[in-house]
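2 protein chains.
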Amino acid sequence: MDQSTFQQWDAQVTQWIDEARENILAHFDEPLSIEEKSGRRDLVTQVDKENEQRLVAHIRQADPDAQILGEEGLGDHVTETDGRLWILDPLDGTMNFIKQRDDFAIMMSLYIDGIGQAAWLYDVMGDRLFHGAKGIGVWLNDRLMAPPANLPLSEGLASLSGPLVRHDVDHMQAIGAASLGMRIIGSAGIAFTKVLRGQQVCYISYLRPWDFATGKILAEELGLVVTTVDGQTPSVLSYSVVVVATKQAQQDIIAMQA
Amino acid sequence: MDQSTFQQWDAQVTQWIDEARENILAHFDEPLSIEEKSGRRDLVTQVDKENEQRLVAHIRQADPDAQILGEEGLGDHVTETDGRLWILDPLDGTMNFIKQRDDFAIMMSLYIDGIGQAAWLYDVMGDRLFHGAKGIGVWLNDRLMAPPANLPLSEGLASLSGPLVRHDVDHMQAIGAASLGMRIIGSAGIAFTKVLRGQQVCYISYLRPWDFATGKILAEELGLVVTTVDGQTPSVLSYSVVVVATKQAQQDIIAMQA
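Same order as they appear, the protein sequences are chains A and B.
Counting in UniProt numbering, the first sequence runs without a single skipped number right up to 258 at its last residue.
Counting in UniProt numbering, the second sequence runs without a single skipped number right up to 258 at its last residue.
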């Protein structure tokens with residue numbers, strides 16, 4: 001994608017995200033309609049659904065030939081990544097939205113033939129939009145971001161997933177112990193932003209496509225790596241434990257799997 | 001303490017905290033001078049020390065007969081709680097300050113004959129001052145706070161300490177599993193604010209006097225409880241695992257210790 005194509009998309013998508021933000025804030029002081037999906041910790045509200053519906057409608061109009069993969073299933077049933085594919089999470093960190101009214105995100109990105117091209121990750125309450133395109137750069141709001149320092153695990157904080165820590169999956173407790181401290185945020189999008197900004201050296205969680213597809217494009221553009229715990233490229237159509245990290249921290253984490 | 005006495009202290013202390021905030025922000029874009037205390041995860045910067053030095057000087061002038069217990073040891077060697085005692089943490093969450101430039105707090109409170117009377121807890125980057133006095137109320141900036149809902153552990157998020165979770169001290173992993181989700185923030189002050197605001201139903205960590213003395217006054221004034229894991233009153237002069245929680249969540253946590 002060339003810079004002017006990105007800028008055109010950026011202008012449009014930023015408007016869509018502003019609209020989604022307005023919709024979220026409009027529901028802030030009223031009771032939410034909440035449903036369980038797979039269990040009591042996997043929830044969806046009418047705000048998630050309304051946001052996805054609107055974003056899908058915008059994409060259908062602006063990019064009619066593209067497939068759409070959304071968390072709430074209002075897009076397409078996507079089985080291959082050929083052609084144009086939008087991946088979106090209309091409200092990432094739903095539990096945080098419900099309980100904390102903080103630490104949740106909106107994420108969307110465009111893949112072409114399986115390659116991430118452009119991405120938008122919006123920290124709603126922090127009012128921080130991370131957006132950029134492959135080969136062009138990443139901006140935090142209007143400021144071009146510099147790649148974060150390539151620190152080892154021992155010199156940084158580590159965002160981990162609560163369930164992975166409790167069950168000690170893939171040596172998560174040892175990874176926490178090797179770092180300067182574990183953090184658990186409860187939103188993949190917000191955790192990605194901490195690594196993008198160099199506030200944390202890694203984020204590890206069991207992630208679904210809409211949880212990591214957007215952050216992956218931004219992270220790689222900033223010189224970070226996004227892999228499985230054994231160093232493979234995660235498929236944007238499947239679920240896996242995903243590591244986003246500095247190059248050094250990722251090597252430290254992979255070495256601990258042996 | 002009567003309301004007008006609190007208001008007089010509040011006017012003064014708010015100014016001191018503003019000054020401490022200015023000092024922190026002045027160091028934001030320059031390299032910090034960092035020293036290890038007990039180990040690589042227990043750090044102090046010149047900002048912690050400068051802030052404590054200034055706060056101690058202000059208290060000495062405004063309340064010359066009081067004892068002062070501060071994290072960096074620039075106050076007094078306090079062995080009993082008779083009379084007037086100020087307890088302060090000039091920069092709580094030093095690792096977050098160093099690594100994230102976010103999620104850190106300034107805390108100070110006044111105890112008289114061992115009873116918490118007035119407290120100031122400032123979330124620096126969120127610009128949220130939680131302040132109040134026993135029997136008078138708690139304000140978030142200028143807004144009087146309402147007590148948070150008395151939810152059980154199963155209906156809320158739980159802030160826990162990373163080391164306690166890793167070592168599964170006092171059934172911390174089961175507590176996380178019983179809640180709607182674990183969170184780890186890395187600052188006692190910020191974690192207290194989440195429980196005060198009803199965003200989380202509990203916070204459990206191994207805390208030193210300056211970590212919990214301030215939050216305890218505010219929490220109790222809002223109908224929350226602050227105890228050890230076996231339901232005892234923690235001494236503000238000693239170290240222990242401290243639970244701050246809704247009444248229901250505290251009962252759930254105590255029941256899990258049996």
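Hints are supplied without guarantee of correctness; some may be wrong.
Partial list, derived from the structure: chain B residues whose beta carbon lies under 7 Å from chain A [unchecked claim]:
no.	residue
1	Arg41
2	Leu157
3	Gly162
4	Arg166
5	Gln173
6	Gly176
Hints are computed from structural coordinates only; laboratory data are not their basis.
Note that beta-carbon positions come from the ideal geometry of N, C-alpha and C, so glycine has one too.
Hint check:
1. Arg41: holds, 6 Å
2. Leu157: This interface hint holds because 5 Å falls under the 7 Å limit.
3. Gly162: holds, 4 Å
4. Arg166: holds, 5 Å
5. Gln173: Interface hint status for Gln173 (chain B): holds (5 Å vs cutoff 7 Å).
6. Gly176: Since the shortest Cβ distance to chain A is 6 Å, the answer is holds.
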